[in-house]
Amino acid sequence: MSSPAIVRFWGTRGSIPTPGHKTRRYGGNTSCVEIEVGDRSFICDGGTGLRELGLDLLQRGRSKLEAHLFFSHMHWDHIQGFPFFVPAYAPNNDLYVYETAPGEDRVQRLLHGQMRSEYFPVSFADLGARVEGRSFIDGVLDLDGVTVRCLEQNHPGRSFAYSFEIGATKIVYATDSELDFLLENPEEVERDPEVLRRLPSSVVGFVEGADLLIADGQYTDAEYPKKRGWGHARSNTVADLALQAGVKQCAVFHHDPMHSDDLVDDKIARAKERLERAGSGCLVFGAREGLALKLG
Amino acid sequence: MSNSRSEPDIDSTIAGDVSIVDSHRGARKEPLLEQLRGPGSPRKLALLPTETVIGRGTQATIQIESALLSRRHVALRRNGPDVTLVDLDSQNGVYVNGVRVHSAVLHEGDTVQVGDVVLLFREAAG
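Chains A and B are the protein sequences, given in the same order.
Just so you know, our numbering puts 199 at position 199 of the first sequence, and the rest follows in order with no gaps.
Just so you know, our numbering puts 52 at position 52 of the second sequence, and the rest follows in order with no gaps.
Quick caveat, the hints were computed from the structure, so don't treat them as lab data.
The beta carbon of each residue, even a glycine, is placed where N, CA and C say it ideally should be.
Check before you lean on any hint, since a few could be wrong.
[Claimed, not checked] Ranges between beta-carbon positions, derived for each pair:
#1 B:P49 / A:V195: 51 to 57 Å
#2 A:S63 / B:L88: 23 to 29 Å
#3 B:T58 / A:D142: 45 to 51 Å
#4 B:A46 / A:E132: 48 to 54 Å
#5 A:L55 / B:A124: 22 to 28 Å
#6 B:Q91 / A:P193: 39 to 45 Å
[Stated by the list, open to error] No more than 30 Å apart at the CA atoms, straight line, and that leaves these computed lysine-lysine pairs for BS3-like:
#7 A:K227 / A:K248
#8 A:K22 / B:K44
#9 B:K29 / A:K22
#10 A:K22 / A:K294
If we strip away everything but chain B, and leave its shape as in the complex, we get (with noise of 0.2 Å):
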């Protein structure tokens, strides 16, 4: 008689549910920026454990090279589990879900638009 409690295929026994697989797959112990349009995308971006900043100049952590980007346009910083959102004072703004903001505390999902590059916010779970 097989083990009928063995791991499960996560993938196989509830495809389609991508929120359930998503929840499996995403126990993630840091929060990450998914990169999904912009120079380099796709791609997932690792946030620093104080502060991350955004830009297309050298003095960025991120550097992203796009005429649309200020040198150093937008900090990402991290104070325990939240992650707050700064705009330095870029010349095209920082937009969180379409609103352009100064800034905000992040939560899983959102998105994140600065010039041509377009961010999902995923936060840590647990």
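One chain only, chain A, in its complex shape (with noise of 0.2 Å):
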């Protein structure tokens, strides 16, 4: 029997960290997720939240450290913290960061670049901290009883999502996807919004029955027209993709920075609506820091 998998949201805010009074419910940290299964935790991004996540591994007195580390992609917001994430620097840890194929160096390559003296004080060699870069095979990865799969998203500069099986437990990290730009019937949608947005199989088989859906919903419907490229998905297009899937749970992630708490509370409403309108028993919900569910 497999151990529960407990999900940590350390940062769940888009593009660039926003602390402050009105974003204080949310968060202000940029996209930074862990899935703890037994003593190993699996890492999912290292934007600003990833730092927090450091002193709080630090306090849970484990003598050695296993992370996995899985990247979305390189963008600033998705690995600005790793600088700051305390057990890199600890000699007695083990880090493990995965390029979505083989040959790939790109994650390496780039968590190097940002600790370049013109970036950063400290270079990526002073680690103390055993990093080891690993690939995907064909898209998947067993990793001792947790099968984690990946799939490419449209985001400029590329993006992927990443599945986690552990025992009967589905969990998908799905973050800077602008799922808009899939759409199966978007001169529908622009005529109707209350249609379903329907989603290609590929996509929607890579989510399929999820305990969790962690899922970039930035913008609003209102919002999205102005925002079209800039590789981010609408809510309300998150909870079609939940529905579609016959995901459990969806947490809708990457929240705009413009966007103060109430203006998140406003968008998860909608998109609960939908859903309700749609019969669906999905429960969706936006995405905080400080927040850990227990899985499985």
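With the hints as a guide, bring both chains together as one complex.
Structure, rendered in structure tokens:
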């Protein structure tokens, strides 16, 4: 029997950190989600939330950290926390960073790059932990009972979604994905935004049956036309993905830096109403810092 | 001539605007829980400086006689201004704003449900 997975949200904001009183509830740190399985941490993205995660890991009393890092892509808001990830400086720890295909070096190259002296005073070579690069093979990995898959998404400069299967539990992390570019019925949706936004089977199949989908739903329907091509989805489109894929819980993620807590509430309320109108039992909520769910 | 700068009667001058009235009344120095539903409600529950445990057992700091609660159901831990709620492996779970959680940092207005008990979290103001 596998251990339960504890999913912790350390950073849920998109694009740029947004500290301040208007963003206190959902948080201002950029993308970082931890999936803890037993004494291992599977970390999705290294935005500024990674710093807080590092500090928390130090307090958990593990003599040695085994962390597996998966980056959706290497834009600033997804890597900026790495140089501040304290466990990376401790000699005892093992960090594994994953490329999405053999022969690629994008992740390691850019993690090194952002720690060049022009950007940061401490170099990657000075990290105390053992940092090992690994690759997916044919889009899948088996990590001692945790099966991880990756799927390329639609985002400028490429991005990847990851699914984690731990026993019967499935968690999908899919941020920085312009789902609205992939719609199979864009004209119909343009005429009537209430109609189901049909997504390709490759995307629906990847998410199918997830106990938890964490997905980029940065924009409202009203905002999206001016943001087309920036690589992010409408929260209502994420709701439709959750509906089509039979997802149990959906955490709308990567909140717009211009959105106050109240605006995020409003965005989530609309997605909720949409799912209720469709008769879905999926529970949709806004991902927020400091929240942890136990699955399995 | 009367002193026009005398202290206003908040209730009569801005009656109807509950949020403004509450902001005056609610200058709380300590966070608290308002129990809205379940045995013993309505009432206000103070939090201890370090940890407050809610459950039906005698070991709980706040004991609520409900068969739907575990003996030690949920802990509320304070760290500076933050209050973090932690499910103590309860049978029926802990829900924050309708989401079953393992733990959560609470914010003003969060609704916490444990069994048939519904609580509203009010954070310390200022």
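Going through the hints against the structure:
As the Cβ distance of B:P49 to A:V195 is approximately 54 Å, the hint placing it in 51 to 57 Å holds. For A:S63 and B:L88, the Cβ-Cβ distance of about 26 Å falls inside the hinted range of 23 to 29 Å, so the restraint holds. At about 47 Å, the CB distance of B:T58 to A:D142 agrees with the hint of 45 to 51 Å. A hinted range of 48 to 54 Å holds for the C-beta pair B:A46 and A:E132, which are about 50 Å apart.
Taking 22 to 28 Å as the suggested C-beta distance range, the pair A:L55 and B:A124 conforms, at roughly 23 Å. Evaluation of the 39 to 45 Å hint for B:Q91 and A:P193 yields a pass: the beta carbon distance comes to about 43 Å. Taken as a hint, the A:K227 and A:K248 pair is honoured in the structure, with Cα atoms around 29 Å apart against an allowance of 30 Å. Our distance criterion of 30 Å between C-alpha atoms is met by A:K22 and B:K44, whose separation comes to about 27 Å.
A distance of roughly 21 Å separates the Cα atoms of B:K29 and A:K22; the hinted pair therefore holds under the 30 Å criterion. Restraint check for A:K22 and A:K294: satisfied, since their Cα atoms lie roughly 28 Å apart, inside the 30 Å limit.
No hint from the list above goes unmet by this structure.
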